[in-house]
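S.K.: Sequence:
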Amino acid sequence: MTLALRVEPRPSLDPSALPPPSSFVQAAVLDSCLETSHSHVSTFHSLLLDMQLYSSSIKTVKQVGLDGIIPCPVFGDHDKVEGKVIIGPNCSQNGRLNISIEGVFEYVSVKEDLDDESAQGPKASKCKHIFLSSSTVIAISPFSDPFTVVSDVFWVLKFPNHSNLNGPGPRFCEFSFEIPRGSRPGEEMPPTFCASMPSDNRRGDLSIVEKAEVSYHITAVWEPSDMSETSYRLEVPILFHPNTDFQSMDGSDIASELWLETPLTPERSVPFHCAVTLPRSQTFSRCTSVPYFVVFTTKPQCAVLAREIAADATIAVSLVRKVTIKPQLPPIPPDTTQLSDDSDNPSGPFPTSRTKLLKRAAKMVATAVVRVPKSREEPFSAAVRYKPLPELPQVSFSETHTVQTQVSVGFPKRPRHPNDPGGSECQAYLPDGLYKGKFRLSKDMIPGVDWPGVSVQYYLDVTVLFQQDALRACVPIRVF
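Taking this note's numbering, the leading residue of the sequence shown gets 691, the next gets one more, and so forth.
Just so you know, the hints here were simulated from the structure itself, not pulled from any lab data. Computed from a predicted structure; not experimentally measured. Certain hints may be false.
To be verified - Calculated lysine-lysine pairs in the DSSO-like style (CA-CA distance at most 27 Å, straight line): (1) K1133 - K749; (2) K818 - K752; (3) K801 - K813; (4) K1126 - K1103; (5) K816 - K901.
Go ahead and model the full structure; you've got the sequences and the hints to work with.
M.R.: Written out as structure tokens, the structure reads:
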């Protein structure tokens, strides 16, 4: 997901106004406002760049490649990612500062080729998708006016330090990032997570690990105007945890009593009906279980057929996960104005001054030269059309994996009304057979994801087989 930016300059300072005293730093006012609204300030250092992030909470995590742990700022779906990038005094006075934020989904898929007898075991393939991206570039010079970079999600304030115009000194830019919201119900930016589960090979050894990870980071890159100097980069990890784990214990018992029934679809007309029943919310934590019921009823009622189905039918219920990655490319830019041999002719369709301007603009962007003949008699190289290079195609990915499967032969239970043990009028409305099951989830499972470009979906695949007839249903559920 790429978020467009819009740059709006702030009103220029009055050049005739007297400069402020050396003890006054204008940026400190905004800086104090940002810091006082948050209880934690996390500072990250590099050789010439520092970054401060303001958050309401922090969490210590193990940093990849290092033995120690670092405190990472934690943000929720109603927070703003606010902070400050400090440019060290040893950096040159002129250059560019690039501040960006990215959200990345990485997935390691494990597959085993059952047709290849020579295969040693499952094969792992990796895929990576950037589902959130926003960046801005700020030109830094000692005499530049303060300005604001504004968009729906990102703004940056830059203030020159007037006391250091005549010598090197630290400079900084403050930024604020709006966390995007989904455009439809159920669409939420995925939380930070790292889930891994070992996969066994044909010999029963746990050799390959199936892994999925969502990570966020903010990057600051300093590019000096002097190409002979070195660029510097600082990448800072952040954590995103929306407020979805909170559940009221007062309402949990009420919600568990509400169930939703989904009928199974037969391949042909059969004299009985089957259905699967789940809690109405169909939302489950990875620390809990997924309870379900599979029931059947003969239509019309037939005691002999009901006994046969209850004894011989096969019920198979699978918990299935589907991972889909569909990169969304930005729209292709339109072709620029055609530049051909006519552009050098003063009597062409454009004036000479405009033609030169178009030529200069064409040289400033990366272009691909596509030669298009104007007629069949004209050589192929006679006309030249300048077109921006298209985006490289990104490969889509989709994989379906059965997490767990439960199988039962027959319906072991006959439902009875608790207030009618004798079996009279109320009993006639109950199913003829019932199978009760439960899938135990794990905290190491991949949580569900629903965001443009990437999705992790779970559903129950339910099948009831009786003689030559099969009834099926797929019920989506949400796992967080």
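S.K.: Taking the hints in turn, state whether each one holds.
M.R.: Against the structure, the hints:
| no. | hint | verdict |
| --- | --- | --- |
| 1 | K1133 - K749 | holds (18 Å) |
| 2 | K818 - K752 | holds (21 Å) |
| 3 | K801 - K813 | holds (5 Å) |
| 4 | K1126 - K1103 | holds (8 Å) |
| 5 | K816 - K901 | holds (9 Å) |
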